[in-house]
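Chain order of the listed sequences is A and B. With the first letter of the first sequence counted as 1, position 263 gets the number 263 in the UniProt record's numbering; the numbers rise by one all the way through. With the first letter of the second sequence counted as 1, position 335 gets the number 335 in the UniProt record's numbering; the numbers rise by one all the way through.
Keep in mind the hints are simulated off the structure, nothing from the lab. Some hints could be false.
Chain copies aren't distinguished; within one or between two, either way the pair holds.
[Said to hold, decoys possible] Once the Cα atoms are required to be at most 25 Å apart in a straight line, the calculated SDA-like pairs of lysine to any residue come out as:
no.	residue 1	residue 2
1	K211	I17
2	K222	D355
3	K222	S388
4	K253	T20
5	K211	Q242
6	K194	M106
7	K175	E338
8	K360	G132
As the structure is a prediction and not an experimental result, all values here were calculated from the model.
Protein chains: 2
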Amino acid sequence: MRAEILSCGTELLLGHISDTNATYLEQSLAPLGIDLYFVSHVGDNLERLVDTLRRAWDRSDLIIMTGGLGPTEDDLAREAISTLLGETMQVDPELEAQLRARFARMDAVMPERNLKQATLIPSASSLSNPVGSAPGWWVEKDGRILVAMPGVPREMYRMWENEAVPRLSPYTGGKIFTRILRVYGMGESTVEEKLDHLIHNTNPTVATYAKMDAVDARITAKAATSEEAERLVAEIEVLARQALGDYVFGTDKDTLASVVGTLLQARGQTLGVMESLTGGFLSSAITDFQTSSSLFIGGLVAYSTDLKAQLGVPRETLDRYGVVSDETARAMAHATREFLGTDFGIGVTGVAGPDEQEDKPVGTVYIAIEGPEGVVSGTGPGWRAGRSENKRHAALTALNMLRRYLEGQLTPE
Amino acid sequence: MRAEILSCGTELLLGHISDTNATYLEQSLAPLGIDLYFVSHVGDNLERLVDTLRRAWDRSDLIIMTGGLGPTEDDLAREAISTLLGETMQVDPELEAQLRARFARMDAVMPERNLKQATLIPSASSLSNPVGSAPGWWVEKDGRILVAMPGVPREMYRMWENEAVPRLSPYTGGKIFTRILRVYGMGESTVEEKLDHLIHNTNPTVATYAKMDAVDARITAKAATSEEAERLVAEIEVLARQALGDYVFGTDKDTLASVVGTLLQARGQTLGVMESLTGGFLSSAITDFQTSSSLFIGGLVAYSTDLKAQLGVPRETLDRYGVVSDETARAMAHATREFLGTDFGIGVTGVAGPDEQEDKPVGTVYIAIEGPEGVVSGTGPGWRAGRSENKRHAALTALNMLRRYLEGQLTPE
Numbered sequence: 001m002r003a004e005i006l007s008c009g010t011e012l013l014l015g016h017i018s019d020t021n022a023t024y025l026e027q028s029l030a031p032l033g034i035d036l037y038f039v040s041h042v043g044d045n046l047e048r049l050v051d052t053l054r055r056a057w058d059r060s061d062l063i064i065m066t067g068g069l070g071p072t073e074d075d076l077a078r079e080a081i082s083t084l085l086g087e088t089m090q091v092d093p094e095l096e097a098q099l100r101a102r103f104a105r106m107d108a109v110m111p112e113r114n115l116k117q118a119t120l121i122p123s124a125s126s127l128s129n130p131v132g133s134a135p136g137w138w139v140e141k142d143g144r145i146l147v148a149m150p151g152v153p154r155e156m157y158r159m160w161e162n163e164a165v166p167r168l169s170p171y172t173g174g175k176i177f178t179r180i181l182r183v184y185g186m187g188e189s190t191v192e193e194k195l196d197h198l199i200h201n202t203n204p205t206v207a208t209y210a211k212m213d214a215v216d217a218r219i220t221a222k223a224a225t226s227e228e229a230e231r232l233v234a235e236i237e238v239l240a241r242q243a244l245g246d247y248v249f250g251t252d253k254d255t256l257a258s259v260v261g262t263l264l265q266a267r268g269q270t271l272g273v274m275e276s277l278t279g280g281f282l283s284s285a286i287t288d289f290q291t292s293s294s295l296f297i298g299g300l301v302a303y304s305t306d307l308k309a310q311l312g313v314p315r316e317t318l319d320r321y322g323v324v325s326d327e328t329a330r331a332m333a334h335a336t337r338e339f340l341g342t343d344f345g346i347g348v349t350g351v352a353g354p355d356e357q358e359d360k361p362v363g364t365v366y367i368a369i370e371g372p373e374g375v376v377s378g379t380g381p382g383w384r385a386g387r388s389e390n391k392r393h394a395a396l397t398a399l400n401m402l403r404r405y406l407e408g409q410l411t412p413e
Numbered sequence: 001m002r003a004e005i006l007s008c009g010t011e012l013l014l015g016h017i018s019d020t021n022a023t024y025l026e027q028s029l030a031p032l033g034i035d036l037y038f039v040s041h042v043g044d045n046l047e048r049l050v051d052t053l054r055r056a057w058d059r060s061d062l063i064i065m066t067g068g069l070g071p072t073e074d075d076l077a078r079e080a081i082s083t084l085l086g087e088t089m090q091v092d093p094e095l096e097a098q099l100r101a102r103f104a105r106m107d108a109v110m111p112e113r114n115l116k117q118a119t120l121i122p123s124a125s126s127l128s129n130p131v132g133s134a135p136g137w138w139v140e141k142d143g144r145i146l147v148a149m150p151g152v153p154r155e156m157y158r159m160w161e162n163e164a165v166p167r168l169s170p171y172t173g174g175k176i177f178t179r180i181l182r183v184y185g186m187g188e189s190t191v192e193e194k195l196d197h198l199i200h201n202t203n204p205t206v207a208t209y210a211k212m213d214a215v216d217a218r219i220t221a222k223a224a225t226s227e228e229a230e231r232l233v234a235e236i237e238v239l240a241r242q243a244l245g246d247y248v249f250g251t252d253k254d255t256l257a258s259v260v261g262t263l264l265q266a267r268g269q270t271l272g273v274m275e276s277l278t279g280g281f282l283s284s285a286i287t288d289f290q291t292s293s294s295l296f297i298g299g300l301v302a303y304s305t306d307l308k309a310q311l312g313v314p315r316e317t318l319d320r321y322g323v324v325s326d327e328t329a330r331a332m333a334h335a336t337r338e339f340l341g342t343d344f345g346i347g348v349t350g351v352a353g354p355d356e357q358e359d360k361p362v363g364t365v366y367i368a369i370e371g372p373e374g375v376v377s378g379t380g381p382g383w384r385a386g387r388s389e390n391k392r393h394a395a396l397t398a399l400n401m402l403r404r405y406l407e408g409q410l411t412p413e
C-alpha cells in the first residue's frame, strides 16, 4: 500500500509551526507495514490544494490529510476533496445535530460558518472527534482511500488511532521489526562500507544514519508475523555485528553513558572524572543517565592549571610534560581516584582553542582512564569544527574508551 | 519569486527525524520577501526524487533542497539534479583537494566513495561548507535557481546564511535588516502578548520563535537601502525593549554564557561553580564561550553529599536544612569561592529524579550566587519533561541570575 501525507496550512509554510503531525504519522505507518512515499505541505489555497491532491490521487493508494477542517474561510480541505472528486458537499443532519449539541454544552451560539464542519460528500463517511468540533472524513473511491483529519495534534492523534487505524486493518498485511545497532568510532561512510554486502538486501533492509552521538545501523524486516520479522532481523544482526566488531556499543535507545553506567552498576563500582578541555560536558553526559547518582561520585572541571595542582596533579608532571600531555591526562585520572575515592577515574586534557597552547595545535586531546585493573590512555578524535562539537566528540571518545576497558577490549597497563 | 523546499531522506519519511530544516528555511524566506508555495519530503529513491524535482522545476523559480549530499549510496541529491538537467557529474579538482585535505587534517584515509562529494555539473558552482565534508551546489539554468545543501542542520544553517542568501540578493529586491532580541524567563506566548501591538506590523515585521536556550523576538525590515532598513528596525526595537524590559539579555548571536562572560571580562573578575542537579551542564554551558579560559577557574560537580562536604559545604548545613535547600545552595556558592578562590561562586542543587529526595518533589531546584557585592538566591524554573531538559533549564536560569546580578538588576544581601 503506497501512502502519502498532505499537511495543509499556510502557517506551516511560514515556519510558525513545525509539522509534528507528519512525524507522528510517519512513525505510525512504518510498523503498520504501509510504505510512505511522499510528504507535502500546502498553503491554504484551493487551486494548489486540488493540484496536490490530484497528483496524490494518481500515484498513491492512501492519502492522509491533516489540517484545513476548521470553520473559517481558509480551511479548505473539504472543498478541495469535493472538487477533486466532482462531488457536492451537503450538510449531514446527524453531524449537524452533534455540532449544535456541542455548542449548546458550551453555552455558546454556533456561528453559521461552522455548519460546514457538518458536511459530507457521497463518498465520505465521518470520523468522530470527541475532543474538537471538526469530524474527519474517510473517503473510499476508485480503489483509493483518503483520510482527512484536523490539524490540532491531540485531536488528530486520537482520531488516527481510534478511528482510522482500525479501518485500515484490512490493508495492512505484515508486521515490522526493527533493530538499531549503535556504532562509535567509525564515520558513517566506513560503517556503510563494512555493511556493503547487506545494504542491498530488500528484506530485511539495512541502512545507516549519522546521529549526534553515534552512527546507527538500522535493520528492518517485514513478515507475516512479528516473530518471523524478528527472526529475519536476528539473522542479519549476527552478520552486521561480525562486520562491525567492537565498534558496536549498544542497540536501540542505548547511549554510551547508559552502557557505561549499566556496566559499572553490574560491577558495583564508582566513577569520577577530571576534565579541562571538555569543560563539564563529560560529567553532563554521564549524569544524563538516570541512575547515575549511585555510581557517579563527581566531576572536577579543572580549567586552570593551578586548580589541577590543587586537586592533586603533581606540579612536576605539569611542568615537565606540559598541561596538554599523555602524562598529565594519566596524572589527572590518578588524582581523580585519590581525591574522589572512586574505583575509576578519567582524565581529559587538550587545547580547546581559539589559541594554541604549549605549541600544541587547537584540537589536541589526551584521555586517560585509571581503574582497578590499571591504566589505559589514548588521544582524541581529531579536531571538529567548533568548540562545542569538539567537546562532545572528546567526551564521547572518553566514554567509549571506558566502555572498551569495562568490556575487556583494552589491555590496561 | 516562487520558492519550493524539497527535503530528502528516507529517515524523514520513517519519522526517525523531524524536518526542522524546512521550518528554519520557512522562517528565513518570509523576511526575504520570497513566497514559499510547497514543501515536500522525498525518500532516498532516484526515480521519485527526479519526479519531484521535475515538478518543482516546472512550477517554481527557486528550489531549495536539503539532504542527500552525503558520501553513501543512498545520498542521491547530486544524481537526481544531474538526471533532471541531463548533465554529467565530474570530479572538480579543487573540491577534491579540499576534501582530501580535510581527511588528512583528521589523520584519516578518505574512503573512495567520498569522492562524489567533490563533483559538480556544468550548471553548478559549489557552496563552501567549512564545518562538514559536503559542499553545496548552486545551480542556475533556464531562469531557475536550485540550491542543494547538506541535511545536517548546523552545516545547512551556516551554508544558507553565508553562501546562499547573499547570492539571492539580486532577486529579493530591496535590502533586509534583521535584529533578534533574545529573551529569557518568559514563555513564547507571553513574549507574543507583550509584543501584540507590534506583531501586526507589515514592515518591519515582528515574530517570536522558541529556541532551546531562549525566546527570540525577530524584527525584520525591508527598504531600498540597508541604512533605511536598519533605521526602521531601530525604531521598533526601542518599543519592543520597552515592552520586554530586563527579560532581554542580548541580541542576535548572544548566549547567556557569552553575555555573562563579557560582563565578567569587563570587570576583570573570575567565576567558579558547584553543581549537583545540573551535573556538569552549567560548567559546559560556560565553557562553550570561547574566551572562558581566562575567567572560568573551574567547576565542581558534587554529585554525592560526601563530596559536597569534602569541598567545604558545612556538614551542619547539609544535616539541618537538607541537601536540597536554599541554605545548601548558598553554602555551595560560598564554598566554591573559598575552594577555587574566585570572585563569584554559583551553587545549584535540586532533585533530578527519577526518585524524590528529602520529601522534595522531582524538579525542585535551588540556585545561589555569592559575589563581591553579596548573595542572591532563588528557585529554579519548575520541572520540564526529561532529565536533560531540566538540567538545561536550571543551568540557564543560574546564568540569567548571574547576568541580572552583574547588570545591577538584583539587590544582593
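Copy assignment of K194 with M106, given that the CA separation must stay at most 25 Å: between (49 Å within a copy, 20 Å between copies)
Reference check for the pair K211 and I17, CA-CA at most 25 Å: within, between, both, or neither? Both. Shortest intra-copy (18 Å) and inter-copy (10 Å) distances satisfy the 25 Å Cα cut-off.
As a check of your reading, is K211 near Q242 (CA-CA no more than 25 Å) within one copy, between copies, both or neither? So K211 and Q242 pass the 25 Å test inside one copy only (22 Å; across, 42 Å).
25 Å Cα threshold - placement of S388 relative to K222: neither (40 Å within a copy, 34 Å between copies)
Indicate which option fits the pair K253, T20 if close means a Cα-Cα distance not exceeding 25 Å: within, between, both or neither. both (19 Å within a copy, 21 Å between copies)
State whether the alpha carbon distance between K175 and E338 is at most 25 Å within one copy, between copies, both, or neither. neither (54 Å within a copy, 61 Å between copies)
Under a CA distance limit of 25 Å, which applies to K222 and D355: within one copy, between copies, both, or neither? neither (53 Å within a copy, 39 Å between copies)
K360 and G132: within-copy, between-copy, both or neither at 25 Å Cα: So K360 and G132 pass the 25 Å test across copies only (23 Å; inside, 46 Å).
Hint compliance for this structure: hints 2, 3, 7 are not met, and every other hint is.
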